[in-house]
Amino acid sequence: MAHFTPAAGMRHHLNRVHLPKVPLNRGQHYKLLVLLGGGGVGSTVRVTGGIQDGDVVPNESTTPDDKPPLFRRPARAITFALAVCVIALATLTVVRDNPGPPPMGCATGELTVTGSTAFTPVAEELAEKYQEECPGSKVTVDTHGSTAGIRSLDEAGSAAEDGSPPLIALSDGPKPNGYPQLRESRVAVSAFALVLNDQVPLKGLTTAQVRRLYAGGIRNWKELDGPDLPVRLISRDANSGTRQVFQRRVLGRGEPANSSQDCVDRDDGRDDARAGVIRCELDSTEQVLAKVASVPGALGYSELRSSGTAPEGLHRLRLDGREPSIEKIGTSGYPYHEIEYAYTYGSPPADSLVSSFLVYLTRGSGQDIIRTHGHLPCAAPEAAKPCAGG
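Per this note's numbering, residue 1 is the first one in the sequence shown, and the count goes up by one each step.
Listed below are the simulated DSS-like cross-link pairs for lysine-lysine, each with C-alpha atoms no more than 27 Å apart in a straight line:
| # | residue 1 | residue 2 |
| --- | --- | --- |
| 1 | K203 | K222 |
| 2 | K31 | K21 |
| 3 | K203 | K328 |
| 4 | K385 | K328 |
| 5 | K222 | K291 |
| 6 | K21 | K385 |
| 7 | K291 | K203 |
| 8 | K21 | K129 |
Read the hints as simulated data drawn from the structure, not as lab findings.
Go ahead and model the full structure; you've got the sequences and the hints to work with.
Laid out in structure tokens, this is it:
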């Protein structure tokens with residue numbers, strides 16, 4: 001049923017029904033039930049179309065009015081009940097003795113998904129659902145940041161004998177330069193948001209103000225008509241794709257040096273105007289959100305969905321007057337968004353678990369899981385513009 005969706009190409013226009021491409025095993029078929037209107041009873045229905053293998057065949061089964069009943073109603077009811085019992089027993093026997101092949105498109109083996117921590121909840125549910133649908137597969141999610149995932153994939157690919165390790169690296173944004181063997185697949189559009197401790201009641205910032213904050217030009221929130229609280233910047237580590245998105249889409253440059261371990265006091269003890277802004281680095285999105293919520297005056301950033309389920313004590317900010325929203329990402333002009341990429345080392349074999357999982361992720365029913373986590377699949381029509389933007 002995942003193939004019979006508007007995103008897959010299922011639609012109708014006037015008197016035409018357009019069917020999507022549906023993979024079928026040999027000997028399988030499906031039927032299409034169409035409610036007709038506008039013509040008289042007995043009008044001719046014309047069925048046309050082309051498919052790669054097989055035929056399009058109108059159903060010509062005998063209708064009830066064409067043939068008189070062979071049995072009276074009670075006899076037919078008893079016969080039907082007996083037939084159902086026999087079929088049920090036969091089905092139980094067949095299922096017990098022969099579970100049959102897995103669904104088409106499944107593959108067996110082991111696969112590791114690494115990379116983006118912001119996309120980890122999506123990857124974990126995708127792995128769980130794929131394993132349920134495809135017995136014999138094992139998908140492990142082990143994420144340590146986008147850059148670290150890209151580096152691990154490149155190292156594993158260089159060391160693999162066939163050059164195609166069972167590894168997929170997810171990345172918030174495109175890979176850095178210098179990894180020519182990595183092949184990309186565009187998965188989804190993710191929106192990000194600035195988050196601010198609740199003791200600072202500001203509801204939004206401009207890009208220019210954010211850049212001044214990170215350059216050390218604003219040291220206290222009272223300079224922006226906020227409370228008398230020092231600015232504390234909570235950032236991700238250098239391996240983070242989320243950090244790279246923030247630098248690329250908002251700052252337009254790199255972040256200042258890390259100056260604090262506890263995100264409150266400067267490591268060197270200095271507190272003069274020449275010392276610069278107090279800024280710390282943390283390893284995951286969850287750590288950033290927890291720290292922003294607990295440190296008065298703290299400002300940070302995260303993937304949009306994560307900030308919506310963050311602990312109490314922080315709120316999301318508008319940027320340049322625009323609300324962070326994935327639903328309107330293609331039309332609102334909200335600048336803080338990025339494409340989520342899946343990378344493989346070269347082109348994995350078509351029958352491999354890597355290829356199968358990629359299809360599940362980018363074109364299969366995995367798109368529904370991506371949506372439930374607040375991301376917009378690149379296969380969706382409304383994602384065409386942001387996914388093509390790079």
